[in-house]
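Peer 1: Use the sequences and the hints to build the structure in full.
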Amino acid sequence: MTEQIIFYLLAAVITLAALGVVLLPTLMHSALCLGLCLAGVAGIFASLGSDFIFAAQILVYVGGIAVLILFVVLLAGSASGRITRQINAQWLPALLLCGLFGWAFLKIVAHFSFGLAPQSAPEPTVRALAGLMLGDYAVPFELISIVLLASMTGAVLFGRRKAE
Amino acid sequence: MLEYVFILPLLSFAAAGLILAFGRWLPLKGASAGIAVAAWGFSQALLLFVKAIRGGITLPYEVSIPWFSFGGSQATLGVYVDGLTIAMLLVVTAVSLLVQIYSTGYMHGDPRFKRFYAYLSLFTASMLGVTLTSSMMVFFMCWELVGVCSYLLIGFWFEKQSAAYAGKKAFITTKLGDLGFLIGLLCLFYATGTFEISKILELAHAGAIPAAVAGTAAILLFLVAAGKSAQFPLFIWLPDAMEGPSPVSALIHAATMVAAGVYMVARLYAVYALSPAAMNVVAWTGALTAFMAASLALTCFDLKRVLAFSTVSQLGYMMMALGAGAFTAGMFHLTTHAYFKALLFLAAGSVIHAVHTNDMREMGGLRHKMPVTYITFLLGTLALTGIPPFAGFFSKDEVLAAALARNPYLFAVGAMAAAMTAFYMARALVMTFHGKPKDAQKYDHAHESPAVMTGPLILLAAVSVVSGWVLTRHEMFEKLVNFEGALPFELHHVSHGAVAVFSSIVAALSMTVGAWLYKARPEIPALLREKFSPVVEMLEKRYWLDAFFLKLVDIGDRLSAFMFSFDFNFLDQVVIDGWAWLTLKLSRLQGWLDDHVVDAAVDVTGAATLSAGRVARLAQTGLIQNYLLFVAIAVSIFAAIAFAG
Amino acid sequence: MSLLSLIVITPLIGALLILAIPGTRIKLIQGVALVFSALCLVLSGQLYRVFDTTTAAMQLVQRVSWIPAFNIYYYVGVDGLSVALVILTALLTVLAIIYSFNITLRVKEFFFWFLLLEVGMLGVFVSLDFFLFYVFWELTLVPMYFLIGVWGGPKKEYAAIKFFLYTLFGSLLMLLGILALYFNSTPHTFDMVELINQARLLPLTMQIWIFLALYVGFAIKIPAFPFHTWLPLAHVEAPTGVSVILAGVLLKMGTYGIMRVSFPALPLATRWFMPFLIVIAVINIVYGAFCAMAQKDLKKMVAYSSVNHMGYCLLGMTAMSAIGFNGAVLQMITHGLITGSLFFLVGVIYDRAHTRDIDAFGGLAARFPIYAGLMIIQVMASLGLPGLAGFVGEFLCFLGAFNSWPYYVGIATIGILVTAAFFLRMIEKVFLGPFNEKWAGLKDMDLRELIAIVPLAVLTIVIGIWPRFCLDLIDPTITYLVGIIK
Amino acid sequence: MTNLILLNPEIILAAAGLFILLAGAFIEEARAKLLFHLGTISALAVLGMIIAHAAFSAYGAGTMWILDPGAQLFKFIILTATVFTLLLSVNYAAIQPRHIGTYTALLLWASCGMMLLSGAMDLIYLLIALELISISCFILTGFEQKNPRSAEGAIKYFLMGGLSTAVTIYGISLFYGATGTTSLFSGASAVGLHLNDPAYLMGMLFLLVGFGFKISMVPFHFWAPDAYEGAPTPVTAYLSVASKLAALGAMMRIFASVIPHQALNITLLIAGLAALTMTLGNLTALFQTNIKRLLAYSSIAQAGYMLIGLVVADPIGRESVFFYALAYLVTNMGAFAVAMIVAGRTGSYELEAYDGLARRSLGLSIVMVMFLLSLAGIPPLVGFIAKFYVFASAVNSHQFLWLAVLGVVNSVVSVYYYMNIARRMFFLESRDTSPVETDIYTACVIGITSAATLFMGLLPETFMRLVKDCVSFHL
Amino acid sequence: MTLSHYLALSGVLFAIGLFGVLTRRNVIGILMSIELMLNAANINFVAFNRFLYPGRYEGHLTVIFIITLAAAEVVVGLALVMAIYKNLKSVYVEDYNILKG
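Chains as they are written, first to last, in this note's numbering: chain A, 1 to 164; chain B, 1 to 645; chain C, 1 to 486; chain D, 1 to 475; chain E, 1 to 101.
Some hints could be false.
BS3-like mimics (lysine-lysine), calculated; alpha carbons at most 25 Å apart, straight line [what the hints assert, rightly or not]:
{"id": "1", "chain 1": "B", "residue 1": "K436", "chain 2": "B", "residue 2": "K541"}
{"id": "2", "chain 1": "D", "residue 1": "K33", "chain 2": "E", "residue 2": "K89"}
{"id": "3", "chain 1": "C", "residue 1": "K443", "chain 2": "B", "residue 2": "K160"}
{"id": "4", "chain 1": "E", "residue 1": "K86", "chain 2": "D", "residue 2": "K146"}
{"id": "5", "chain 1": "C", "residue 1": "K27", "chain 2": "B", "residue 2": "K551"}
{"id": "6", "chain 1": "B", "residue 1": "K160", "chain 2": "C", "residue 2": "K438"}
{"id": "7", "chain 1": "E", "residue 1": "K100", "chain 2": "E", "residue 2": "K86"}
{"id": "8", "chain 1": "B", "residue 1": "K541", "chain 2": "B", "residue 2": "K531"}
{"id": "9", "chain 1": "C", "residue 1": "K296", "chain 2": "B", "residue 2": "K160"}
{"id": "10", "chain 1": "D", "residue 1": "K146", "chain 2": "E", "residue 2": "K89"}
Simulated from the structure, these hints should not be mistaken for laboratory data.
Computed from a prediction, not measured in an experiment: that's the story for all the values here.
Peer 2: In structure tokens:
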């Protein structure tokens, strides 16, 4: 029961926060909503018993990405946010499309039987994950570092003040 | 002797080339070469004629070499000589020789003298080819070449617009007939499997060709004879052809080429004989032509055109004779007519040479100035009108007798034409040589022609006088030129004496009336002209045949203009450049069209493509979220597919 | 290296050599172009000498594996169908190159493209591998595009791209047809001779589709109604030498292709298509003639007359008999000679007067006797005057087709009449009548022009009088060909 | 973790990138061009390894990657393109000397990602490789920071990329849900089980979005023209050749052999997209006045032709795609090289810059015509053989004959705009008649590509044999 | 709770993200929407792993990779936003409209 309450609570938070991200006119608010939403997702992870991912989500996403976005929002002026529309003219087709997608997807979800429940209680995952990361997944793991390096290089390149 | 007959046309060809290439350095600017070859040819023809009559050679004679083969069939080059050939050969070589001699005087001083002789030689060569060939294919070739020479010679003085026009008219009109030849020949080929004249005749004699096919082929072939021999309704070109120099008219448009049609019918007489329908067509076309042309000559004031109509009329006689079944009579008339008509033309040429006009209304009284010309012209006239004992009497009465034997109506038409012939010839004679000079200046200027011109006149006059009588001695011509199953050549039969007497009286009477009218009472014809102005107008308009053919040409032009506009405006622009118009409309509708697009729109199949491209390009708005929307559409559709699939 | 390969490669060497010469050495470039094209002509003369006229088999065959993955060979050879066309190509190219010595604009590129074009044309006629055939076929496109587009008339760019797209569309469809033939043979092959043996067994529907694909490609080249609309434009805009090649050789590639492949390989479809083909042939003849009659532009008139003449060719082909085929092939060759020289002659007057308007002239025969003489000879040949080259081919076409289609042939004869009419009218307007003093300053033909045109005139007469020069080459192959179609 | 040795080339390349990045921070600006050469040398060295090591026939597999001739072929293509791109970059003015290190490193990493992609047998691995390519390419596209076009192109590229990555990842999650693994081996073996599982199909379709984006398949192509126009020209060439072909290679592996689209029953969908891709690409290209944009649309259309082979997916179809990739590599690279030269001389990428080029530099014009004709598919150039191959596969399949017919029509359309450039070069006059010089590096690229364009067209047998081998060993 | 609940949540989140991507005018807003979509995928992975494939951890691992990739992407994205902001002085995507056609 508690589990259900937590889920619906989290679901409501996530959905509302997501809608806030998408719909709120002020970018600042959107960014804050994003943080909330990501935290909600972290909650979902927790409720599913994924301890490591929960931590990563909080650290990387909420702590890193959301904050980074906030920074940029502050930098790149949220000034006009209140005056101009933040939603463009194609919202109706977009809405229809999202509706179409949602409908189709929900039909697909229905394929997975609703009665299915987890067979066992969640276990701590950190050890297992570490094993995988240093085992079969070592190569992707290393590759990620190059990806990050590349993105960092890019950030450095573009982020430089107008020195030149 | 016979073995070398094939040299005749080749020699003439060579002469043509020689004159064109080296004429400048030859005596008489090259005329000598032409004359020499023609003279040799004539001597050969004469020799052949004599030998043939004496039975010194066996006829028919045929020899050929392979020319080329096509799909199992063989085309050959060769000669086929029988009596008919020899008769024609004689006509061609004789007239050619005399005309060439005459022309040295007539064409003297012309800047294109050399070329004239080259053309004449080429013509003679082609005509000899037509006469001698053993293959219908070569026949057709030479036939066309004859036509080209005629075209070139009619338009010899091409600076005159009318001459150029007349040449073209002659060529295209005869070409119209040639289409019949082509198809007829194809018919004949598929009926007989060969182009060899001897084989065709053999098969025809054996009756191996179905009558229907033979008839079709014969009528189609007659179309071409109608073109070349100026039969109704294609005779319109011949009067205009008088734009050419007079010797040309004498040679080509009186004696030889126009007779080629008759010759062709005679050549393939066996095929014609298979089909009574074809024979009727020939006979009645001939009769109609004889009558119409004679009537046209009545109102004409151009001396040469009178003679031209007369020629058409006489050719009609020949056709009528052939159609009526009188093979020998037709060919006999061809022979005699060739001489006296050539004579008349050359004499007319002599007159024109002297007064520099064709219009008889500007002549008159010339008999004092040009006695030789006058006498010869008179003799020719008598021969033409059929006054005994001149040549025309023998041949024309033979034709009329045959017509009577065949069909009284045919005879009636022929007789009327004969009467008219006498009348208009008298008219022409009187208007030209008698009475008072109407144009004093021209009269004063006139003089008798030089000996090179009068010489041939005299010679021809002599032949015209005697040939009819001579050739009928001892059934000479009949033995040479005959056709088994045709009407017999029967002048000496008493029953037809009546026809002879009748026609002679009609001719004499008509001639006297004509002479009297125009000499003593010239106001009467003028009055008649006024009284019967609609008829006169009809005659002057040549029964509106010219207008009819011009209308045809006009229709052709319109058709071509229409087809081209279809090609250009529709097929190319609308269908292929397609949609260009539509695109343009579309582009006006859409203001965002760039200038360079219009530049690019001048394009192929593509105008449609371009407009499609423009629509496609609409998607590339530059707005990223539009792009994203497309992705989203795809994603949603994929999702839907996944669900549906 | 076999003689045929040598013939094909000679112009290529010339082209590459020209590319290496600096563009300012105009005389040298012209010399090289002339020497190599002449060498090619000499070699094809040798080809005429060694060609055995008694057999229908492929001769001087060379077969080298090229792309084994697709079983593609470099496979060349000639038979009666192609040998005369090879010689014609070599001859016309030499003459056109001589004529084109008057070109001063970008000489180097001109002769480069020109020789490249020759390679393509020769290649098409000698190829016995369908893939190779296609490669050469396309190879003619690009040089033509540039030759029209750079050295052409006022609407050259449009004409060039139109030509290119039109022909490319056809040839790509043809490619699909070729592929269909390829995949329907076992083992898969592009060998034409082999394909002819195999494809004839295909079911009718398949044959029809393949025939259609090939036909569109060939018909555009011929050009057969209604695919002819590129032709007047391309002809009018192209420079003289190129028009000559276009009319003299390129059009023949279409009819050649049909006779080489479509007919023998797809006999069922051929028979199925016959009723359409004869209609197209007749339309080509009559319609082309009428369109020509409507022209005021001399060159356009000759261009449309090509449509008419290729109609005779098609007519001969619809005969499905040795006579008609003989006629068709002969017509291809003589049309090349006659129309080629007509384009030369039109070029001569255009170079002088800078107009081709028929009505602008008058009485030229008096001042330009040589020009007028040559023009009249060729016009007469073109309208099918016996004794000149045009006649025999045309006559055989009619003769052949008459057996199967008498009524259509009857209609087609209208074309002859109209042809005579418009050509004679042209002669009357341009050469006869009073001299138009506006052109008093012009000169008669010079040596260069005479060298280019007189050989053609001579050949026109010679073939007209003695058609065995050509027919003997053609006949055995045609007899064989008809045998396998029937 | 086994067979790490198979990844040696990629590791070396990545390390070289790292080294160059570091070196770039320390090298003097005047000598910074050395870094290009360093990059070229390392790419060449790796290329040498690929050729020498595998000769396109050795194969083996790690846990997530595979080494087979097909992968080797694409690695060869990618590295060649990288070498060409680096050579083209040497004299590209808009790259500041101080950023050369970054530029080269990113290029090498992108290539590294592509090489990984071509051997990927696991979706996680594949995803990371894709991201490595994407991120490097985003940055490279926006490399001309001062140029708003460059920035705009980059951001559009990025946003499209972001969305498709998100969709792809979502697709992978569904794939994972359906199969319990991200490995394509297991996924493939499970195809039979999941055929009726919509989640599985949806996952595959969403994966298709990711690839569609990379190879600029309609309707995921919209970024391409804008990014191509904005990016530095060598990068444009790189994007249009290496990035596209690498993704195509992976797509071939997944959709034509491991989990064939026929099994998924989406053949018709892909066929339709292929048709759309070539048609739309060609139609839109008709209107372009900018050479880079034109080539962008042209490359979209070319992708459409290549997709025909993927649709057919039988051995001939797969061979045809491989061959087409080779042809496209040399031809498109050459075309971009010429475009760069011309732009370098005239300062403009507008088509007007080509007016009268033949008068200024005949050789360059002829070579350009050759590239264009090859793209259009005119014999005897390699583009023709490639198209021939593709059409052959379509004709052979009967079922997709319509694609071949459509391809034919499209080829005709494409000739119009290709020849339009030829028209400008040969038919028009330009005011400036000074010759266009070519620097040695670009000349090298043009020389190699043009020689290959001609040579591979005349004697394609070697390469046909190669692709046949690749296909017969391709997993 | 069942798997379907989690999947439905993820679907909704994905759809909302998609909607944001399509409609937010602000480029940073689009970026954030993309993050939402990635999170939707993450929920999927974890949920599938938990419900269908317990005892194995590929799903979890993938989520970690995705989080990292998302971080890398955001970094580059934001850097690009800064770059274009410097050039065009706008964060609204419809202003990025030099390139079109």
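Peer 1: Against this structure, judge whether each hint is valid.
Peer 2: Structure-based check of all given hints:
{"no.": "1", "hint": "B:K436 / B:K541", "result": "violated, 29 Å"}
{"no.": "2", "hint": "D:K33 / E:K89", "result": "violated, 33 Å"}
{"no.": "3", "hint": "C:K443 / B:K160", "result": "holds, 23 Å"}
{"no.": "4", "hint": "E:K86 / D:K146", "result": "holds, 9 Å"}
{"no.": "5", "hint": "C:K27 / B:K551", "result": "violated, 56 Å"}
{"no.": "6", "hint": "B:K160 / C:K438", "result": "holds, 18 Å"}
{"no.": "7", "hint": "E:K100 / E:K86", "result": "holds, 21 Å"}
{"no.": "8", "hint": "B:K541 / B:K531", "result": "holds, 17 Å"}
{"no.": "9", "hint": "C:K296 / B:K160", "result": "holds, 22 Å"}
{"no.": "10", "hint": "D:K146 / E:K89", "result": "holds, 13 Å"}
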